[in-house]
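Q: Sequence:
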Amino acid sequence: MAKEEIVPVAQKYTLTITEASAYFNIGIKKLRHIAEEYAGELSIRSGSKYLIIRTKFEAFLANTSTI
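So the sequence shown is numbered by this note's numbering: it starts at 5 and just counts up by one.
Think of the hints as simulated: they come from the structure by calculation, not from any bench.
All C-beta atoms in this analysis are idealised placements derived from N, C-alpha and C, irrespective of residue type, glycine included.
A portion of the hints provided could be inaccurate.
So the derived label-pair ranges between C-beta atoms look like this [what the hints assert, rightly or not]:
| # | residue 1 | residue 2 | range |
| --- | --- | --- | --- |
| 1 | Asn67 | Ala6 | 38 to 46 Å |
| 2 | Gly44 | Thr70 | 33 to 41 Å |
| 3 | Glu23 | Gly44 | 27 to 35 Å |
| 4 | Lys7 | Ile71 | 33 to 41 Å |
| 5 | Lys7 | Gly31 | 27 to 35 Å |
| 6 | Glu8 | Tyr42 | 28 to 36 Å |
| 7 | Ala6 | Tyr42 | 19 to 27 Å |
Within a straight-line C-alpha distance of at most 25 Å, the following computed SDA-like cross-link-like pairs (lysine to any residue) qualify [what the hints assert, rightly or not]:
| # | residue 1 | residue 2 |
| --- | --- | --- |
| 8 | Lys34 | Lys7 |
| 9 | Lys34 | Val13 |
| 10 | Lys60 | Ala43 |
| 11 | Lys60 | Glu23 |
| 12 | Lys33 | Ala66 |
| 13 | Lys33 | Thr20 |
| 14 | Lys16 | Glu41 |
| 15 | Lys53 | Tyr42 |
| 16 | Lys53 | Val11 |
| 17 | Lys60 | Val11 |
| 18 | Lys53 | Glu40 |
| 19 | Lys33 | Ser52 |
| 20 | Lys34 | Ala6 |
| 21 | Lys34 | Glu23 |
| 22 | Lys7 | Phe28 |
| 23 | Lys34 | Glu45 |
| 24 | Lys60 | Thr20 |
| 25 | Lys53 | Glu8 |
| 26 | Lys33 | Thr18 |
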């Protein structure tokens, strides 16, 4: 079997809530709230989980003074 390639978090297009929490140093509950509030803009839903769109979330953080 071929070994599965692991993509670094900084190169992924979408991040799970757990990955985004570690990457952006923001709590899981806060990220989930933001993902629900900005669904379609900053996040997408895959089944029952939210995926954060990394590039859009980085831009959101750059333009926000508080979260």
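Q: Determine for every hint whether it applies to the structure shown.
A: Cross-check of the supplied hints:
{"no.": "1", "hint": "Asn67 - Ala6: 38 to 46 Å", "in the structure": "41 Å, holds"}
{"no.": "2", "hint": "Gly44 - Thr70: 33 to 41 Å", "in the structure": "22 Å, violated"}
{"no.": "3", "hint": "Glu23 - Gly44: 27 to 35 Å", "in the structure": "20 Å, violated"}
{"no.": "4", "hint": "Lys7 - Ile71: 33 to 41 Å", "in the structure": "38 Å, holds"}
{"no.": "5", "hint": "Lys7 - Gly31: 27 to 35 Å", "in the structure": "33 Å, holds"}
{"no.": "6", "hint": "Glu8 - Tyr42: 28 to 36 Å", "in the structure": "31 Å, holds"}
{"no.": "7", "hint": "Ala6 - Tyr42: 19 to 27 Å", "in the structure": "37 Å, violated"}
{"no.": "8", "hint": "Lys34 - Lys7", "in the structure": "35 Å, violated"}
{"no.": "9", "hint": "Lys34 - Val13", "in the structure": "19 Å, holds"}
{"no.": "10", "hint": "Lys60 - Ala43", "in the structure": "12 Å, holds"}
{"no.": "11", "hint": "Lys60 - Glu23", "in the structure": "15 Å, holds"}
{"no.": "12", "hint": "Lys33 - Ala66", "in the structure": "20 Å, holds"}
{"no.": "13", "hint": "Lys33 - Thr20", "in the structure": "13 Å, holds"}
{"no.": "14", "hint": "Lys16 - Glu41", "in the structure": "22 Å, holds"}
{"no.": "15", "hint": "Lys53 - Tyr42", "in the structure": "14 Å, holds"}
{"no.": "16", "hint": "Lys53 - Val11", "in the structure": "20 Å, holds"}
{"no.": "17", "hint": "Lys60 - Val11", "in the structure": "19 Å, holds"}
{"no.": "18", "hint": "Lys53 - Glu40", "in the structure": "10 Å, holds"}
{"no.": "19", "hint": "Lys33 - Ser52", "in the structure": "15 Å, holds"}
{"no.": "20", "hint": "Lys34 - Ala6", "in the structure": "38 Å, violated"}
{"no.": "21", "hint": "Lys34 - Glu23", "in the structure": "13 Å, holds"}
{"no.": "22", "hint": "Lys7 - Phe28", "in the structure": "29 Å, violated"}
{"no.": "23", "hint": "Lys34 - Glu45", "in the structure": "16 Å, holds"}
{"no.": "24", "hint": "Lys60 - Thr20", "in the structure": "14 Å, holds"}
{"no.": "25", "hint": "Lys53 - Glu8", "in the structure": "22 Å, holds"}
{"no.": "26", "hint": "Lys33 - Thr18", "in the structure": "18 Å, holds"}
Comparing the model with each numbered hint stated earlier shows that hints 2, 3, 7, 8, 20 and 22 do not hold.
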